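Visitor: Sequence:
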Amino acid sequence: MKTVISIQSHVAYGYVGNRAAVFPLQRLGCDAIAVNTVQFSNHTGYGEWTGQVFTAEHVADLMDGIAARGVLPTCDALLSGYMGDVGLGQVIVETAARLKAANPRAVYACDPVMGDVGRGFFVRPGLPEFIRDHAVPAADLMTPNQFELEYLTGRTVETLDDALAATASLRERGPRLVLVTSLTRKDADPGHIEMLADDRDGAWLVSTPRLPLDPPPNGSGDAVAALFLAHYLKAFDPADALEQAAAAIYAIFQTTRRMGTRELQLIAAQDEFVNPGQRFTATRVR
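For the sequence shown, our numbering assigns the number 502 to the last residue and increments by one with no breaks.
Treat the hints loosely; a few may be bogus.
[As the list claims (entries may be wrong)] Pair ranges (Cβ atoms, derived):
#, residue 1, residue 2, range
1, Ala318, Pro353, 42 to 52 Å
2, Pro353, Asp377, 23 to 33 Å
3, Ala313, Asp430, 41 to 51 Å
4, Asp456, Met217, 32 to 42 Å
5, Arg321, Asp277, 23 to 33 Å
6, Asp377, Arg335, 20 to 30 Å
7, Gly407, Thr266, 37 to 47 Å
8, Pro425, Val501, 18 to 28 Å
9, Ala484, Arg335, 36 to 46 Å
10, Arg389, Asp417, 40 to 50 Å
11, Gly245, Ala318, 14 to 24 Å
12, Thr477, Ala318, 17 to 27 Å
[What the hints assert, rightly or not] Straight-line alpha carbon distances no greater than 30 Å define the calculated DSS-like cross-link-like pairs of lysine-lysine that follow:
#, residue 1, residue 2
13, Lys450, Lys218
14, Lys316, Lys402
15, Lys218, Lys316
None of these hints come from the bench; they were simulated from the model. Quick caveat, the model's predicted, so the values are computed rather than measured. Just so it is clear, CB atoms sit at the ideal spot from N, CA and C, and this is done for glycine as well.
Using the sequences plus the hints, can you model the full thing?
Guide: Put into structure tokens, the structure is as follows:
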């Protein structure tokens with residue numbers, strides 16, 4: 217059994233942040249230690265919410281308490297998502313260093329949540345620069361969407377060659393593996409959406425049909441990062457983890473659409489995490 221510390225946002229209603237990550241990790245056999253950066257009634261996509269943003273000191277205090285239990289040497293990974301602000305980002309990067317000091321084989325998986333195509337940035341000023349300059353060099357695995365990949369590398373991604381050049385550029389700055397969680401390019405079928413996994417040994421592309429979901433459910437990137445990490449920790453096989461994550465998120469989207477809800481239907485689709493009814497083959501592209 218793998219143990220993963222997940223530092224992300226939390227909502228009481230719905231599935232984003234840790235609510236979208238912890239259950240998939242657990243369903244795939246990981247012991248998930250959830251540390252919440254915020255506690256909101258619901259995700260901010262609704263336009264109104266209640267709750268509080270936790271301070272960097274609060275999260276650091278929680279990590280001190282977890283470390284005091286002697287947990288860090290047995291942890292296999294740290295997964296971080298929405299950071300909130302630069303101070304909290306610093307605590308997360310310091311936690312990654314602390315974990316690796318206790319267990320040099322541990323993986324820091326950073327989902328650089330900061331924006332998306334069509335929305336632009338939706339985080340506080342200074343946080344994108346912090347992620348670019350501090351989280352990227354500290355990470356072993358990065359899971360940006362296309363917008364985030366372009367920002368982190370200063371490159372425009374319109375073709376597969378562009379995407380491969382951007383992921384290679386990002387890997388040169390620290391992460392040994394990059395997962396692009398949503399890739400839309402001019403030289404691909406517009407009826408499909410892709411994910412790209414790239415490490416020093418190769419790159420793999422997987423394509424799934426684009427489902428009409430309006431509005432698109434929040435939290436899909438959080439879920440994909442957790443699904444991919446859980447499978448990657450089993451054998452450190454990027455191609456297999458990519459196929460497994462693609463099958464699971466597609467099943468989640470299908471179930472969400474069928475049930476006509478705005479929130480990801482993780483509970484209803486949970487068996488697909490373990491035994492997906494439909495698989496998608498990852499094609500080697502480098």
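Visitor: Report the numbers of all earlier hints that the structure fails to satisfy, in ascending order.
Guide: Violated: hints 1, 4, 9, 10, 12 and 14.
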